[in-house]
Amino acid sequence: MVEATSKANGGDAVATDVAAAGKARAKRGIRFRYARYVARRLLQAVPIIVVIVLINFTLIQAAPGDPVYALIGQMETTPEYIAQVREEFGLDEPLPQQFLSYIAKIATFDLGYSFRFRQDVSGLIFERVPATFLLMGTALVISSLLGIGLGVIAGRRPFGWTDNAATIFALAGFSMPVFWLGQLVLLVFALKLPWFPVQGMVSLRAPSHGWGYIASVLHHLVLPATVYGIYHLTLIFRMTRIKMMDVLVQDFITTARSKGAGERRVLFVHALPNAILPVITVIGYNFGFMLAGSVLVETVFGWPGLGRLMYEAINARDYPLLLGLFVVISLFVIIANVLTDIIYALIDPRILYR
Amino acid sequence: MTDVLRIDDLTMHLETELGTVRAVENLSLRVDEGEAVALVGESGCGKSMTALSIMRLLPPYARFRSGSIRVAGKDLVTAPERAMRQIRGGTIGMIFQDPLTFLNPLRQVGEQIAEAVRLHTGAGRVEADAQALEALRRVRIADAENVVHNYPHQLSGGMRQRVLIAIAVACRPSLLICDEPTTALDVTIQAQIMELIDNLRHELGTAVLLITHDLGLVAQYCSRVYVMYAGQVVEDAGVREIFQHPRHPYTQALLQSSLRPDRVSEDFAVIDGQPPQLLAPPPGCRFHPRCPRVFDPCPSAMPGLDRAGEGRAMVRCHLEEAHQ
Chain A
1 MVEATSKANG
11 GDAVATDVAA
21 AGKARAKRGI
31 RFRYARYVAR
41 RLLQAVPIIV
51 VIVLINFTLI
61 QAAPGDPVYA
71 LIGQMETTPE
81 YIAQVREEFG
91 LDEPLPQQFL
101 SYIAKIATFD
111 LGYSFRFRQD
121 VSGLIFERVP
131 ATFLLMGTAL
141 VISSLLGIGL
151 GVIAGRRPFG
161 WTDNAATIFA
171 LAGFSMPVFW
181 LGQLVLLVFA
191 LKLPWFPVQG
201 MVSLRAPSHG
211 WGYIASVLHH
221 LVLPATVYGI
231 YHLTLIFRMT
241 RIKMMDVLVQ
251 DFITTARSKG
261 AGERRVLFVH
271 ALPNAILPVI
281 TVIGYNFGFM
291 LAGSVLVETV
301 FGWPGLGRLM
311 YEAINARDYP
321 LLLGLFVVIS
331 LFVIIANVLT
341 DIIYALIDPR
351 ILYR
Chain B
1 MTDVLRIDDL
11 TMHLETELGT
21 VRAVENLSLR
31 VDEGEAVALV
41 GESGCGKSMT
51 ALSIMRLLPP
61 YARFRSGSIR
71 VAGKDLVTAP
81 ERAMRQIRGG
91 TIGMIFQDPL
101 TFLNPLRQVG
111 EQIAEAVRLH
121 TGAGRVEADA
131 QALEALRRVR
141 IADAENVVHN
151 YPHQLSGGMR
161 QRVLIAIAVA
171 CRPSLLICDE
181 PTTALDVTIQ
191 AQIMELIDNL
201 RHELGTAVLL
211 ITHDLGLVAQ
221 YCSRVYVMYA
231 GQVVEDAGVR
241 EIFQHPRHPY
251 TQALLQSSLR
261 PDRVSEDFAV
271 IDGQPPQLLA
281 PPPGCRFHPR
291 CPRVFDPCPS
301 AMPGLDRAGE
311 GRAMVRCHLE
321 EAHQ
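Protein chains in written order, with UniProt numbering: chain A, 1 to 354; chain B, 1 to 324.
Isolated chain A (complex conformation) (with noise of 0.2 Å):
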């Protein structure tokens, strides 16, 4: 009897590290189907990250207009201070050979200098991406909470009222452009309702540095982040409703349901997560173009970030600033990709086991 007893209790503690080192196993398992997934997405970003530099600067070899005319202005000089200024910029070398030596530049994050700011590239860019961050990423947090909360409440009873409006709603925002909107909102909440300043990210009498900084900073991104973010919320809005549609009607709905879940539980635990791949999709692309209509934003509301940078570039045919600009950019895009492709493993594990 007694033997029985420790018997049995040896049993149990057997079945109890069993499943420890089940699940252990498991575990280890899914970190390095992880780190292998991650690995090969990261190396597909490379060969993209070359083919994306050479186009940017056959894009802009392309493109009409001699920078050395940007750089001597509208001085009248002799054609040999014009070849000198050929020689001193490299641009007497052939094609290849300029692309060559940027790329290995590039390498080093040197991106060259820029004729209209006499400032290096690399340094002009960094110090204007902290504003554009802060601008991208308070839209892309205000237009994916909103767009796929909207899209949920849609997607759950669609053609009801709620999904009318929340469409009505976002519809109107996608159909005004954002320089639009944008000075539609200044005009009212900055000057008729002086609640929000006008212009730029800080205002000058707030202090360098602490809360009230933060503070100035903060009052002024609420117009840029919010027209940026309404616009870019509908088609994060319209792929969660259709997706939610979607698995809404599906059968492991049904079993939830049928264990009891409730409806809040059924919508964001069941329902959601089996909406989102697709959502997140938009999401990543959305970053990419705001990053590019960021130059019509930043211009509407005096924000001191890449997009204005971009403008002044253009302007000035700053080809070594606009070269590294694109560079940049394209790199956060990859960068953004890569991001959504890894997020896509942790929601969805099927993607590990392909």
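Worth flagging that the hints you see were computed from the coordinates, not collected in a lab.
Incorrect hints may have been included.
[Claimed, not checked] To be clear about the criterion: a stretch of chain B counts as covered by chain A if any three or more of its residues have a C-beta under 8 Å from a C-beta of chain A, and this derived list gives those stretches:
1. 89-96
2. 101-108
3. 151-165
4. 212-225
5. 293-299
Given the structure is predicted, the values throughout are model-derived calculations rather than measurements.
We put the beta carbon where it would ideally sit given N, CA and C, even for glycine.
Using the hints, position chain B against chain A.
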């Protein structure tokens, strides 16, 4: 013997754009504690709609018109949604036809079982995980310690059906509704799953409502049978009575059309015609357009479900009324 489920005179309509679908009409059904009862009929006769009515998992355009569904002292027709959540997965477990699509593809099977436990017992994560593992062992999954961490796509159809059963019985329900549980599985797996359900019925004392069109399963595993035709119960009898002395012409036809090893293939019969459209069911007896023994009253008057013979059988047929 106390009943775990008692449906009285239930009528449920689907209000579609094409009109009213009379999915369930004047249906009465009872399942006693620990008993295995079959609900048999062709596709589209309202079997699954009856099951979904019990769980109240009907589409939004479904309407209860009359009757009651009594479970654990509550009428599920009028119970608030919160009470229904406790019934679903707690008092009544349900498994479905196609195990491939009824599991959430993004979550480990252990989590999906533990969720049912946590929804009904307030157990913590660790405790729920332990119970999930136990539930997997209960449904005879070998290597359950590893399978809890698997995702549905890593499992075979039979394994997934076992997981679904584990979810359904995780909280030891008093009734397990099985809606065509083996239709999507191959024959050897079918037998294993039915054996498992039968074992669980004895182990846990769970009553089983088996919804099927497979009379072979009924003969083997059930003690009573409800035969459904066009949204109505047409015959309600013990399993032996049904097989030895089927009374309703539809039941007779159903038995003749099922394959049996002791019968030569020439005897295999087909029921003529199509099951009726429940949008516009025929007047009188619903079965009369296809009935080989149709006579005067059938096209005009609907027969009642009445006691027939000396046994407990109930039959909805004018022939039985004429006998008495």
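Each hint tested on the structure:
1. Residues of the segment 89-96 of chain B with a Cβ under 8 Å from some Cβ of chain A number 5, which satisfies the need for three, so the listed coverage holds.
2. Given a C-beta distance limit of less than 8 Å, the hint that chain A covers the segment 101-108 of chain B holds, as 6 residues qualify and 3 suffice.
3. Taking a C-beta to C-beta cut-off of 8 Å, the segment 151-165 of chain B contributes 4 residues in contact with chain A, enough for the three needed, and the coverage statement holds.
4. Remark: the segment 212-225 of chain B is not confirmed as covered by chain A, as 0 of its residues place a Cβ nearer than 8 Å to a Cβ of that chain, below the required three.
5. Coverage of the segment 293-299 of chain B by chain A is violated. Counting CB-CB distances below 8 Å, 0 residues qualify, and the rule asks for three or more.
The structure shown violates the earlier hints numbered 4 and 5.
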